[in-house]
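Number of protein chains: 4
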Amino acid sequence: MSNSFGKLFRITTFGESHGVGIGVIIDGCPAGLAVTADTIQTALDRRRPGQSDLTTPRSEADKVEILSGLFEGKTTGTPISLLIRNQDQASHDYAHVEHAYRPSHADYTYDMKYGRRDYRGGGRSSARETAARVAAGAVAAQLLAHYGIVAQSYVSQVGAVAVPVGYEQLDLNLIESNAVRCPDPATAERMMSLIRQTRDRQDTVGGIVTGVVRGVPAGLGEPVFDKLHAELGKAMLSINAVKGFEYGSGFAGTLLFGSEHNDAFYTDEAGAVRTRTNHSGGIQGGISNGQDIYFQVAFKPVATILQPQTTINDQGEEITLAGKGRHDPCVLPRAVPIVDAMTNLVLADMLLRSRANKV
Amino acid sequence: MSNSFGKLFRITTFGESHGVGIGVIIDGCPAGLAVTADTIQTALDRRRPGQSDLTTPRSEADKVEILSGLFEGKTTGTPISLLIRNQDQASHDYAHVEHAYRPSHADYTYDMKYGRRDYRGGGRSSARETAARVAAGAVAAQLLAHYGIVAQSYVSQVGAVAVPVGYEQLDLNLIESNAVRCPDPATAERMMSLIRQTRDRQDTVGGIVTGVVRGVPAGLGEPVFDKLHAELGKAMLSINAVKGFEYGSGFAGTLLFGSEHNDAFYTDEAGAVRTRTNHSGGIQGGISNGQDIYFQVAFKPVATILQPQTTINDQGEEITLAGKGRHDPCVLPRAVPIVDAMTNLVLADMLLRSRANKV
Amino acid sequence: MSNSFGKLFRITTFGESHGVGIGVIIDGCPAGLAVTADTIQTALDRRRPGQSDLTTPRSEADKVEILSGLFEGKTTGTPISLLIRNQDQASHDYAHVEHAYRPSHADYTYDMKYGRRDYRGGGRSSARETAARVAAGAVAAQLLAHYGIVAQSYVSQVGAVAVPVGYEQLDLNLIESNAVRCPDPATAERMMSLIRQTRDRQDTVGGIVTGVVRGVPAGLGEPVFDKLHAELGKAMLSINAVKGFEYGSGFAGTLLFGSEHNDAFYTDEAGAVRTRTNHSGGIQGGISNGQDIYFQVAFKPVATILQPQTTINDQGEEITLAGKGRHDPCVLPRAVPIVDAMTNLVLADMLLRSRANKV
Amino acid sequence: MSNSFGKLFRITTFGESHGVGIGVIIDGCPAGLAVTADTIQTALDRRRPGQSDLTTPRSEADKVEILSGLFEGKTTGTPISLLIRNQDQASHDYAHVEHAYRPSHADYTYDMKYGRRDYRGGGRSSARETAARVAAGAVAAQLLAHYGIVAQSYVSQVGAVAVPVGYEQLDLNLIESNAVRCPDPATAERMMSLIRQTRDRQDTVGGIVTGVVRGVPAGLGEPVFDKLHAELGKAMLSINAVKGFEYGSGFAGTLLFGSEHNDAFYTDEAGAVRTRTNHSGGIQGGISNGQDIYFQVAFKPVATILQPQTTINDQGEEITLAGKGRHDPCVLPRAVPIVDAMTNLVLADMLLRSRANKV
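Protein chains in written order, with this note's numbering: chain A, 12 to 370; chain B, 12 to 370; chain C, 12 to 370; chain D, 12 to 370.
Source of the hints: derived by calculation from the structure; they are not laboratory data.
Among the hints, erroneous ones may be present.
Note that the list lumps identical chains together, so a pair holds whenever it fits in one copy or between two copies.
To be verified - EDC-like mimics (lysine to aspartate or glutamate), calculated; alpha carbons at most 20 angstroms apart, straight line:
no.	residue 1	residue 2
1	K369	D325
2	K335	D64
3	K335	E271
4	K74	D56
5	K369	E83
6	K85	E109
7	K74	E109
8	K369	D122
9	K85	D122
10	K335	E109
11	K335	D104
12	K369	E329
13	K335	E71
14	K335	D211
15	K74	D49
16	K335	D214
17	K85	D49
As the structure is a computational prediction, the values presented were derived from the model and not from experiment.
Kindly produce the complete structure, drawing on both the sequences and the hints.
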């Protein structure tokens, strides 16, 4: 198990889908930062199930309790511990999977690795664990805001329905204007329609989240292994259901020639160093260059479907299984705050690490 | 700086492109493993410049010296230190970039981060650093071979020229049969033709490397943050010029519905648990499931081109710059042994970590 | 801040003296270990305040709640989270120290480091934090017991009152037979008498805890930096009020000549390798050799005394201060379970790490 | 194996006593620090064998080669790699110990842990490894000097011959004035006399090194586990032959009452916060308070003696063994630069870590 992430701004999460609760310790948040439970709760509310008809109807208040690390409204430099108790634990829904290996779930691999597993709702492998990340990410966001850094992400594709333009042509203030968290209203409608159709067919659908970070100063990222995009990539790939990560020109960049792909530097009127294009995605040699950082994260369709499927049980015998319980037909809308959280956690860590770069 | 990778099988690299040399310490290699300088040298020879007309003519013997950690032909459990001295240091080729910020290179970001840089050949940001990774990866490969695990990778795309079939329809024994390291001979010819045309136009071209790992037992990978694919992704993204990573169905998987994407389990005639499809890419919940692991790595076109480009110097003044020195028109053929090395390093680490999973 | 300890069996603690509570996440405990809340509670009860007239009358039930990581009575390999809520928070006792820098406390240094502090009961610097260590140590002890390793410690000195013989001449089953946790009944009486006299003089007194570990197999410890005794030393020195650590012959060993100090090996009747003396304290070259491990830990007298003292406030002005609240006149009896806990945590970690030593 | 030390200023050492050489990578040294090979060589010369008739006559130039990390005389923020080749490898001296388990050496424990060992001169367990620490420590000292922090240590006891006064009554400029590195000339004479007598009796003798650090600002140290004294303690205990560590009042402090031991704060004429006594040894709550830091390190007598000893071989058979080769009768004089190095490494790391304490 490895339940910690970050080197200086470091989180450690715990908890299972149907246990007592989910939580996180943040170790290394600098002292003197104003943090309130409200800030954290607002972030959690974005990830909470049951926000719209596009998501699981599992009802969880996801109320955060701050156990330590704050005094008179500010951080003290000591570990911040956050607890979110589980409420709607419909564990009886899972008796049928106690011995089943659900297709494309982690049942089989957890059994192989640990010899046993908490089968209720996926136990530790449930995406419910990401609530702890979102709570911690809200604290990281506060730290970044102090330095003018803002991370935002949105749903840019659901199945084959994609936003036809890049992030720089969108108004990211519109992300929260619809249930699917796509700032392009027309595309959002088509996405929501696809999700509802998929849900009604008892199926699930995947998609892509695009992340954008603005206000990052040049100099964040720790080569040669902890390059900024390498840490972002690991962070995103650690989220449930993620299958791919690309930044800047990404996979499409392989189709360009060097003469097309290179980002020429220039000095703008204000005397700031900028690049004429940004195929680099704001990162060169693993270090931020002051331009916008942007990246894409691919999510597979949710593995739990309500249609019957053939698979095996833990005796190797063939069985037929149909999903029960309450599940998201599409994870993308609720993935947005999770991508935000992981982005904030990476940047907060890199911000602190960069303080040791020079004498 | 962060120049270490891995938790239990841990490497730390050092060295600059035009300094004394490049090297690595491997800390945590178990005792009792047979390792020879020849094994390491063979891996280095695959990455060495000047192997064909597709790569830089920089002439480096890349001769490895083992400084510690072996006794009577076997590892002792103590750190293994490897040194590769630089030979062909044509540093005078770089006087023109001392004050220039080359487009899409790390000159500007290193200056912003550290306040200074070794500008000769890119200094620490040069891909020459990956020689150390390849040397260490050869030791990791020996460890994995002991347990029947074999990683292979190949060039699956150069520019728009792509292998038309998946890895499972290729004979991976053919990877070394041509200079571009593509096991599909017909596609290889077209790739080599494209690389030569690009070189003659004084341009560069990117592409994709596909990695495949066979023989991995179920149970490797450390959720929730050090998932097997998250570590692989970070490892690949830490390689120079990489812009994206996907595993299993990857970005294309976002276009499938859950009912299409799910991998049904079955028991084969030998009684082994297998899946009928492998969209999961051999990893579920961040843990290997015993099926083949496969992934794709996107490389951008090399930033150094011999055409003149407009950019700025460290005073913010506009300058015109043309690449000098000896450069690869396409990094893909030499990227294959680097992808292999990072794959081996991740798996060796995960193999050792998995020993602590159960009482 | 650094609130984590251990590499593979790794704990992270949180909480302040007068906040919501104290807790810990254990990450890396192998799956399949039987653990109950009772086991943990029993350990906590040994550290709990108010056990006798020798300790602070602060009344804390120190009731542990298991938040995650167990399923059907056994560990699952996922993080184990434990929470102990604070109850008897007499925070009004601390208003007088809000701006005071108490002598030999951490008030001044926390202010210098973090710019602010939770002054109530010492906040994070309070020894109350060690409750989390004791809870985690109880889980580590379960793991060690599975492999036949048993750690015990006892009070060997209070002020100038010392046990006149070595651990091997004592019956360690008597540790719990008296309130001071000294297995030599006659010395225990003198210790308790000294503590009561000291308390009545409104003063405090220090002393020494001796630790003994039996059943450790040869091979634990990770040179050259994480030597077994170096990790034990760090663990002990991280406990509040500890001023020194020695193992085996320790400081007294500096008075012996090599010919007196060396431990000759021999083979006993059962064919086991043993040493005729054990000045090495069971550790050679940083690795356990199978003999008993023993060490000593020096605790200073508690800094809070009820006598008036002259010091300064956070404006640099001279003030007179007298301790209020409920404090231990001697920390030694309650230090015993803390030393046990840290010993168990070090050994559990080293046990898991040793699994990666050989092919 | 764990061959790395430090979190932000991090070293990784390699090499064996009779292999190719000894070396170290420093990762995390800030950019812009002036460092020369001379500075490092000067430190190595203090540790070098053959400096006087008190130490082993093994002849090693211990010439350092800088392999990376410097450019135009200053650090670049990239890893600094240092190599010291072995020269005087009289490996034939060790044929007699190939199968022997020398008393109080690490032969037996390395065999138990790794299944094999490089028996020549102790291999990796040799104190020759500390040359790498001294080289790295010289770089750390440069960083600390930049901030006005100076660490010094000296031999305060050899066998029963001890300096009769505390460090504050000594002129530490006299440390290098004699071969035993004791700044009290009269005591130094008695120490040297004892060492020569011991050598002539073919025996060895231990002793104590006292360390002093001046100029440390308040605020260094990372509670609750990486307390400044806990890291210093681990660092010292990781040095070969060390059996104990104490700081401030140490073990003697257990004999004082709280009213005697507490360090009262006051404001001096210059307005600086100081303490009237310094039983705390400059560290409170694990954080430096701006007063002098001082500590003691106990070294056992060297295990290799030239007298015949009875022990066993790796078949468990009783054998008689006498030391051959060239050995120190007393390790203390050469331990001084090693203690200095580890002190500097701890403080450099804590200095960088403290930069992340506040917003």
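message: Of all the hints numbered above, which does this structure not satisfy? Sort the numbers upward.
response: Result: hints 7 and 12 break, sorted rising.
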